[in-house]
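Undergrad: Chains as they are written, first to last, in our numbering: chain A, 1 to 401; chain B, 1001 to 1486.
It should be emphasised that the hints constitute simulated quantities derived from the structure, not laboratory data. Be aware that a few hints might be false.
With a cut-off of at most 25 angstroms between alpha-carbon atoms, the simulated SDA-like pairs for lysine to any residue come out as follows [claimed, not checked]: (1) A:Lys65 / A:Tyr100; (2) A:Lys160 / B:Lys1205; (3) A:Lys373 / A:Lys272; (4) A:Lys160 / B:Lys1341; (5) A:Lys285 / A:Ile230; (6) B:Lys1359 / A:Gly282; (7) B:Lys1359 / B:Glu1097; (8) B:Lys1359 / A:Leu129; (9) A:Lys119 / B:Glu1340; (10) A:Lys8 / A:Val61; (11) B:Lys1329 / A:Glu130; (12) B:Lys1023 / B:Thr1338; (13) A:Lys65 / B:Leu1343; (14) A:Lys272 / B:Ser1144; (15) A:Lys285 / A:Lys232; (16) B:Lys1359 / A:Glu130; (17) B:Lys1329 / A:Leu129; (18) A:Lys8 / A:Arg48; (19) A:Lys65 / B:Ala1347; (20) B:Lys1341 / A:Val61; (21) A:Lys373 / A:Ile230; (22) B:Lys1359 / A:Ala2; (23) A:Lys284 / A:Ala2; (24) B:Lys1359 / A:Leu134; (25) A:Lys232 / A:Glu130; (26) B:Lys1341 / A:Thr121; (27) B:Lys1023 / B:Glu1097; (28) B:Lys1205 / B:Asp1163; (29) A:Lys160 / B:Ser1144; (30) B:Lys1359 / A:Gln371; (31) A:Lys285 / A:Gln371; (32) A:Lys8 / A:Asp261; (33) B:Lys1329 / B:Gln1467; (34) B:Lys1341 / A:Gln371; (35) A:Lys167 / B:Gln1467; (36) A:Lys272 / B:Glu1430.
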Amino acid sequence: MAEGIRDKVAILGMGCSRFGERWDMGAEELMEEAFAEALTDAGIEAPRIGAAWLGSCMDEVNIGKSATPASLSLRLDNIPVTRVENYCATGTEAFRGAVYAVAAGACDIALAIGVEKLKDTGYGGLPGLEIGSLPPLWWPNLSAPGVFAQVASAYMERYKVSRDTLKRALAEISAKSHVNGAKNPKAHLRKPVSCDAIMGAPMVAEPLGLFDCCGVSDGSAAAIVTTPEIAKSLGKHPEQMVTVKALQLALSNGSEGGYNDWDGSYILTTRKAAQRAYAEAGIKKPRQELSMFEVHDCFSITELVTMEDLGLSEDGGAVKDVMDGFYNADGQIPCQIDGGLKCFGHPIGASGIRMVYEMYLQLQDRAGERQLKDPRYGLTHNLGGFPHQNVVGISIVGRYR
Amino acid sequence: MIGITSFGAYVPRGRLNRAVAAKAHAWANPGLAAQARGERAMAGWDEDSLTMAVEAARHALAGRRVALGAVYFGSTTHPFSDRQNAGVVAGALDLPEAVASADFGGSLKAGTAALLAGLDRVAAGREGEVLTVAAEHRRARAGSVQELMYGDAAAAFTLGNSDVIAEHLGSHSVSTDFVDHYRAAGQPFDYHWEERWLRDEAFRKWLPEAIRDGLARLGIEPGSVDHFVLAEPAPRLAAVAAKHVGIADEAVADGLHGTVGQTGAAHASLMLAAALENARPGQTLVVVGFGQGCDVLAFRITPEIAQLTPRTAVAACLARRREETDYAKFQAFNDVVTLEKGLRAEANPQTALSAMYRKRRMLLGLVGGRCRKCGTPQFPAALRCVNPSCHHAEEMDPHRFADEPARIKTWSCDWLTYTPEPPAHYGMIEFECGGRFMADITDWDLGQVSVGQPVRMVFRVRGRDAQRGMIRYFWKAAPLATAKEA
């Protein structure tokens, strides 16, 4: 068994642009906003970066193909830059590239930068995805809310939860993120919303209403990573240092969508990736050991089942935990303390790195008004694709000492 | 003995209440009220003559395992002018590719022309039965009489020389350029001449004469005809012709005007299917296709008709109905108004014809695979088994899912994504035999879709590429009859 990534790589600096409908900026400018902050935070000059990974998802808008837009915009020093794309888990994929490069010793310092410019389409919601030549001939015109809403139908069926009960719990999930997002100056949506307003919102995909869906945002996030030794040599204190404890990825192989076993009420790949990540990080009882986490709350129902898939709530127990406030800012394991995709926003290629950014700030006691008390481990969960066919990236970060 | 060996029909379950359409146009044409009685069949947005033909053909073939030598498809509204429509039907039925196929069109006689050609093929002793199908998705201008009177439907027959339920006694055809209506190539709508002229010159003169000649040649006394099936273009015309021929009024078959509407080239076939549902051994049946001349076909019902398993034909289709009182929806489905569809509707992927050909059994026939090691049926077929405890790598045996019982495992209705009929319904469809896939759901009733609901897979339009003129077909899940349709 491979020994894993734990404590081999430290985060030297991070940056994150303000997320939102950035009508004033394209992807190039958004990247600069995140990159400049990350460089300052790392305390290095750009030429120290030995390799970079760019995460961007939507070719249809945004910056098109290849990593050249990052290399050009950031005037990188003719270093290797690789564009990665793995649906909405793209950000974590870019982070993974940079972290593995450092761990492998291929370079001393690596950059992961994710960006998405979504608000150049002319309509709300995500742009349609190019899906190749065969799928358009037989797939339904899937939308993200339409496929994730399927999970709700299966969850209600499996646990005999009424639609009203589920809607109420989903509303609590969104309301909690609105409360948290209001305290985040970089968040897209910064207004608390009542559960009644959430439940009364127009339907997008049964049973998900408008407030069950995350923001469609422009934004960028960046991480500069290196080894703990180099970080120390650059003046970072081990007590303040945040290292990567686990980094796992799991992809569907067709069984959920093609074999009559999966019941649709959970995300299989989240369960696989979480178990591997806990093992890699040495976490045995996540409900007791995790301090906080950021999940891929593209929709409220995704957040609900992810709490079970991560082993934090019992199967079928997330509704009760949510109603008990277990995941609220003042609960036992705060979830989406930065507002999550729901309110911080979801510029796809940036999201996975944005999640790490919040964990990094919290672990360094730099999260301002939303700072949690003495967090030790933070988990990020980045999910791309469809419940029946997807990519899940999980990272666990924590204090080095 | 040669003749009809089986039959089936399909009528879309949507039925436009004529009164609501007439009322919408009453401001300009209060006279439409005269046509406002009853309802007409209305194809869904994802139906056309081809998809209806497939469904009627499935019903005709149900319960019978016969080798087919040819597929003939009569219509004046074939979706393709140059792509074998009958070949697409054959593909959707997953027939072996060694089969002849031909489209018949150009006149409302196209349905009976296909029937005649099929009977001739069987009479010539060619191998295999013949599937003939007639279908029509008729378009008419908003506010026209035709909009109220037309209907959409399909009917299909198999023809052969054993298990014959209706022996073909012979036929007689007349071609005369009597143009009561026409539609030039590329035109969307028919152009009609006065109905009184049609009645007086055709149904009182040359048509009864032609029918009389035909019956005389076949040695059939008009008074002995038990079922007179004349695809009349307007109500009561068949009775006029029957009277002039000397056929008893009781023998005149219902023109289905109050329930389906006039279905053009499909109408004689549809009425014939309805007549067969009620025919008794020994009875004489005369079918007349009308359109710039006529085809007269005579049949005698055989005792074999009692052996044919019960099937979905006109009666079952009439029972499966959903009243539509939203005339705006009818207009949208028939593309007679320019609707706002939203920017999402602009997405228009190319149809890769090479991929479509490679995967033709998958796309047209809903054929997946069955693992040769663990036996798991799966869709689509793959080179490695989808069963997580198998993953055996070997070419799979083909497995057709079209007629497999299935249920809705998960679902949603989606107001965001583009569909001509929001909200888009789709879900994970699970087959009882094994296998599942995320599929469009069609023929839904808002608020009536649920987990566990049984569905029937149906061949429908997936999307239309207006820029390139391509129509993409695939299979969808239709919830089985709910109480609302009773």
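Undergrad: Run every hint past the structure and note whether it holds.
TA: Each hint tested on the structure:
no. : hint                  : verdict
1   : A:Lys65 / A:Tyr100    : holds (23 angstroms)
2   : A:Lys160 / B:Lys1205  : violated (70 angstroms)
3   : A:Lys373 / A:Lys272   : violated (30 angstroms)
4   : A:Lys160 / B:Lys1341  : violated (37 angstroms)
5   : A:Lys285 / A:Ile230   : violated (32 angstroms)
6   : B:Lys1359 / A:Gly282  : violated (47 angstroms)
7   : B:Lys1359 / B:Glu1097 : holds (14 angstroms)
8   : B:Lys1359 / A:Leu129  : holds (22 angstroms)
9   : A:Lys119 / B:Glu1340  : holds (22 angstroms)
10  : A:Lys8 / A:Val61      : violated (36 angstroms)
11  : B:Lys1329 / A:Glu130  : violated (30 angstroms)
12  : B:Lys1023 / B:Thr1338 : holds (21 angstroms)
13  : A:Lys65 / B:Leu1343   : holds (23 angstroms)
14  : A:Lys272 / B:Ser1144  : violated (62 angstroms)
15  : A:Lys285 / A:Lys232   : violated (31 angstroms)
16  : B:Lys1359 / A:Glu130  : holds (19 angstroms)
17  : B:Lys1329 / A:Leu129  : violated (29 angstroms)
18  : A:Lys8 / A:Arg48      : holds (19 angstroms)
19  : A:Lys65 / B:Ala1347   : holds (19 angstroms)
20  : B:Lys1341 / A:Val61   : holds (21 angstroms)
21  : A:Lys373 / A:Ile230   : violated (28 angstroms)
22  : B:Lys1359 / A:Ala2    : violated (41 angstroms)
23  : A:Lys284 / A:Ala2     : holds (18 angstroms)
24  : B:Lys1359 / A:Leu134  : holds (8 angstroms)
25  : A:Lys232 / A:Glu130   : violated (45 angstroms)
26  : B:Lys1341 / A:Thr121  : holds (16 angstroms)
27  : B:Lys1023 / B:Glu1097 : violated (49 angstroms)
28  : B:Lys1205 / B:Asp1163 : violated (38 angstroms)
29  : A:Lys160 / B:Ser1144  : violated (52 angstroms)
30  : B:Lys1359 / A:Gln371  : violated (55 angstroms)
31  : A:Lys285 / A:Gln371   : holds (24 angstroms)
32  : A:Lys8 / A:Asp261     : violated (38 angstroms)
33  : B:Lys1329 / B:Gln1467 : holds (23 angstroms)
34  : B:Lys1341 / A:Gln371  : violated (46 angstroms)
35  : A:Lys167 / B:Gln1467  : violated (42 angstroms)
36  : A:Lys272 / B:Glu1430  : holds (24 angstroms)
The structure shown violates the earlier hints numbered 2, 3, 4, 5, 6, 10, 11, 14, 15, 17, 21, 22, 25, 27, 28, 29, 30, 32, 34, 35.
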